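Chemist: Residues per chain, in single letters:
There are 2 protein chains.
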Amino acid sequence: MTKRLGVLLSGRGSNFEALADSVDAGRIPDAEISVVVSNREGAPGIERARARNIAARVIPSKGLEREAFDRQVVALLQEHRVELVCLAGYMRLLSPYFVAAFPNRILNIHPSLLPAFPGLESQKQALEYGAKFAGCTVHFVDENLDAGPIILQAAVPVRDDDTEASLSQRILREEHRIYSEAVTLVLAGKFKITGRRVTRTET
Amino acid sequence: MTKRLGVLLSGRGSNFEALADSVDAGRIPDAEISVVVSNREGAPGIERARARNIAARVIPSKGLEREAFDRQVVALLQEHRVELVCLAGYMRLLSPYFVAAFPNRILNIHPSLLPAFPGLESQKQALEYGAKFAGCTVHFVDENLDAGPIILQAAVPVRDDDTEASLSQRILREEHRIYSEAVTLVLAGKFKITGRRVTRTET
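Residue numbers (our numbering), protein chains in the order written: chain A, 702 to 904; chain B, 702 to 904.
Calculated from the structure, these hints are not laboratory results.
Predicted model only: the values in this text are computed from it and were never measured.
Be aware that one or more of the hints could be misleading.
Interface residues of chain A toward chain B, partial, derived using beta-carbon atoms under 7 angstroms [stated by the list, open to error]:
| hint | residue |
| --- | --- |
| 1 | Pro-816 |
| 2 | Ala-817 |
| 3 | Tyr-830 |
| 4 | Gly-831 |
| 5 | Lys-833 |
| 6 | Pro-850 |
| 7 | Gln-854 |
| 8 | Arg-860 |
| 9 | Arg-901 |
| 10 | Glu-903 |
Output of the computed footprint for chain A on chain B, the stretches with three or more beta carbons under 8 angstroms from beta carbons of chain A [claimed, not checked]:
| hint | region |
| --- | --- |
| 11 | 749-760 |
| 12 | 773-785 |
| 13 | 808-818 |
| 14 | 890-901 |
Virtual Cβ for every residue (Gly too), placed ideally from N, Cα, C.
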């Protein structure tokens, strides 16, 4: 049975394209991206989805209360029979209503080794802090910012001559790699969650 | 000219022994450990220093105000003409008086990838958080806990079957490696500090 993914984005959606490439290449087996949703008009990710013949919808969030907006998004995802929701540069916190609709079925990727450098401009934060390792994190999503149990992380060195751009690019390559790996792991159900700790299981 | 190091510890001082081994092996060139100080009676590190014929002194901190105690320690370090102070499991914050006496000349090692998991039991914190990478950090010391510009870090994977003991041991091997590297770098003066960022220089 093909597993149906939904992707939420607010902008470029480079991680959406990486997931779509992985689906096309069979690195995420037995899956398809069924729908892409943006909360912002003009998000380039929407055009890129359409160019791939993936259903894509803008649901403007502006002026709506969080849950009222989320109910529209959840309805659309359910209409498309989505089993796993992947956030890809989605600039909104989810309501408890949304989280409850997809228990342990919403993933996000964040460009830092959480719990270090949550929030915006993580790569810049890491450089300014003087960290010697940066990285990225795929985690289950709950109502809190960049929280939820961690599925995979990747670490990359920070170089003395790094700029925000060069560090971001090095991290982005790892983001694309581990996001596909994490989606595959979660779709296969080969994990368990103990407290905050996610570990692999054989079955 | 041989550079003179002082080591402060409160317990076992495994990082003291790693530094002493590196000095003996020439991995930290042109240096000697001139004195080891413990704030606690019975710290095993003191006996180990004496077994290596290194001057070792206990200055009990109990009941003393922070600066009154630090003045005794600084006086002892100055008496031994110490140029660089290395904390090795030293369970005290330093007073501004101490920090000012050795500007950018006090190092500490912490068993996490700071700014993640400061304080006690970092390895346990990392496991309970579900981090997939842990590590260690050598940093300059200021008056705050586990703060100060970072000189070197090392990242190690957290495995699904890790316990606090197995993770701590994997990190400890990296601690011993990077602490010696960082001491060598600082003694050679081949670094600059820009904001919080420590980078290498040629001279």
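Chemist: With reference to the structure, classify each hint as holding or not holding.
Modeler: Okay, the hints, checked on the actual structure:
1. Pro-816: 5 angstroms, holds
2. Ala-817: With Cβ-Cβ at 4 angstroms, under 7 angstroms, it holds.
3. Tyr-830: At 6 angstroms from the nearest chain B Cβ, Tyr-830(A) passes the 7 angstroms test, so the hint holds.
4. Gly-831: Gly-831(A) check passes; min Cβ-Cβ to chain B is 4 angstroms, inside 7 angstroms.
5. Lys-833: For Lys-833(A), the interface hint holds, since the closest Cβ of chain B sits about 4 angstroms away, which is under 7 angstroms.
6. Pro-850: Pro-850(A) check passes; min Cβ-Cβ to chain B is 5 angstroms, inside 7 angstroms.
7. Gln-854: 4 angstroms, holds
8. Arg-860: 9 angstroms, violated
9. Arg-901: Holds. Min distance 6 angstroms.
10. Glu-903: Violated - the Cβ of Glu-903(A) stays beyond 7 angstroms from chain B, reaching only about 11 angstroms at its closest.
11. 749-760: violated (count 0)
12. 773-785: Violated, because only 0 residues of the region 773-785 of chain B bring their Cβ atoms closer than 8 angstroms to Cβ atoms of chain A.
13. 808-818: Held - the region 808-818 of chain B has 5 residues with a Cβ nearer than 8 angstroms to chain A, which meets the minimum of three.
14. 890-901: n = 6 at 8 angstroms, threshold three: holds.
In the structure shown, a violation is registered for the earlier hints numbered 8, 10, 11, 12, in ascending order.
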